[in-house]
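Asks: Each chain, written out:
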Amino acid sequence: MRAVAVAQPLSLARSLPRLGAGLTPWLHVAPALLCLGVFVYWPVVWSLWLSFHRWDFLAASRPFVGLANYRDLLASDEFRNALERTFLFVLATVPARLLAALFLAQLLLEATPQRRFARAVLFAPYATGGVAVALVWSWIFNADVGLANALLRSFDANGLPWLTSTDLAIVSVAIVAIWKSLGYDVVVFTAGLTAIPREIHEAAALDGAGRFARFRHMTVPLLMPTTFFLLCVMVIDSFQTFTLVAVMTRGGPAWSTDLLVHLLYRTSFVYFEIGRGAALAILLFGGLLLFTWIQFRTIGRRVHYGGDR
Amino acid sequence: MRSRRIAGADFGALLVALIAGAPFALALVVAGLPADAFLARELAITLPRLDNFVRAVEAAPFPRYFFNTVLVAGLATAGSLLTSILAAYAFARFEFKGRDVAFLAVVATLLIPSHVTLIPNYLTMASLGLVDTYPALILPSVASGFVCFFLRQQFRNIPRTYEEAALVDGASRLQILWLVILPMARPAIAAMAIFQFLTEWTSFLWPLVVTTSPEMRTLEVGLAALYDVAVDDGIVNWPVVMAGAVMVMVPTLLLFALAERHLVRGVAPEVVR
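Protein sequences, first through last, are from chains L and S. Sequential numbering of the first sequence, starting at 2, is according to the working numbering. Sequential numbering of the second sequence, starting at 1469, is according to the working numbering.
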């Protein structure tokens, strides 16, 4: 009796694949594939097609123009400006996010109630809508009635043109971007730190390694896969910032916060230059792929995933 | 010595929480202030008033935005869970020709940024006559490469023995998925449900592009419009704007507070967990 009960599932296990043969698996995956095909893959192809055509929304003719959209775009001041400002924004956010998140993850690592609470509060902005938090910070950074300048003035300092100066606006937006995503970064680092076995630290401490030495020579290298993952996510994420600048500065003042996706938005949906907008989308997509590939080839190669020694 | 250091870190933790949470608290305070007190910088703690919320609702149809957002986020989440669960189960358990290619095609969508699909998706909706409708807001989100990928990993971790037992009892594949797999993968599905719902709730660029009439706006788009009009008029009534922001944030913050553990499980990547 018992032997039969064991034998049956075993024979079924071998016949399991055949049960799934035929049309059934495809019926399972069809809805997802269909939707991704129509709303993700087809748009990529269509974007590419559009980028080779001049299409000004209401115009009747949509002539093939070859690479003209790309040529015009690359030669235009607004594209160069957006590219420069976007690089600046990425540089202003990514390293700060990495460092702050690593520090905070380390500080909040032990699961005491206070630290768990702090991690949750840090994460809250990530779970909240970009427009709402952009508005809260628009008030904080408002030159006349904002909190930031009220604080400065209470220390007898002059208020700053947080969002109205071409130098400062991008920094102010970067501060908000960092605040908004820090909680996510901390969660990922915390997961990475928790995965490092405690014994390694204890053994090193016994050998006389100090706190800093342990951090520098053990935590940092062992955390590299996590850091590398975060770096890729952050770069992709920063390059595509839209909501914060759209709400807080509308790309201004003097287009100093006109990041690439904001330029894409106004080219396509304010000026209705669809072909040119598509060319910008393709360039940004290609650039991001290239960037990620370079990151994998350069930094990714040196990342130790462990177990391959 | 050791206990003092731990207490110090706990103090630091509370300080971090205070700084990180301050903008939310301040928005709430300003939203409760009468406009004259705000301009006079009288931050005296009076009983919070609802005037600003009333004025925000008068300035923009927030109840309608709320309804739209719940409907769109709810249906998009349900849709993407349904398509992903079906596909993830097939990828996890069936062996069929082309499976790996199909799965790769699903995962590769994670590399495709949403800005590339923006213009063509708008044109698709325009050619179908769907601009400014609920289907336009919902349809592009009824499948998700990420959710599908995540659930497939989770389903693979469930021992096959349970399904085999059910097969012996004569259950069909869909019954097994519904009665065996789903209950066992509940935490993973809950994580994805919350993650998708929040993603949809906070989505901005697509609803901004694909809605034209105020009645079709979602909360985020409606809130941005309220502020835009105020800026263009040259008078921003900050307490009213903050009241609007608070109304938009509160549901997400509540959902987050209730489901923090689930959500964090969903976003921390498999590789580093």
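Derived from the structure by calculation, the hints contain no laboratory data. A few of these clues could be false.
Rough simulated footprint, nothing fancy, chain S against chain L, three-plus residues with beta-carbon under 8 Å [claimed, not checked]:
| id | region |
| --- | --- |
| 1 | 72-79 |
| 2 | 105-115 |
| 3 | 123-135 |
| 4 | 156-165 |
| 5 | 206-216 |
Chain S side only, calculated, beta carbon under 10 Å to chain L, not exhaustive [what the hints assert, rightly or not]:
| id | residue |
| --- | --- |
| 6 | A1527 |
| 7 | P1529 |
| 8 | A1558 |
| 9 | R1641 |
| 10 | L1647 |
| 11 | L1650 |
For each residue, glycine too, the CB sits at the ideal point set by N, CA and C.
Asks: The structure should be examined with respect to each hint, and the outcome stated for every one.
Replies: Hint check:
no.: 1; hint: 72-79; verdict: violated (count 0)
no.: 2; hint: 105-115; verdict: holds (count 6)
no.: 3; hint: 123-135; verdict: holds (count 11)
no.: 4; hint: 156-165; verdict: violated (count 0)
no.: 5; hint: 206-216; verdict: violated (count 0)
no.: 6; hint: A1527; verdict: 14 Å, violated
no.: 7; hint: P1529; verdict: 16 Å, violated
no.: 8; hint: A1558; verdict: 4 Å, holds
no.: 9; hint: R1641; verdict: 7 Å, holds
no.: 10; hint: L1647; verdict: 16 Å, violated
no.: 11; hint: L1650; verdict: 14 Å, violated
When each numbered hint is compared with the structure, violations occur for hints 1, 4, 5, 6, 7, 10, 11.
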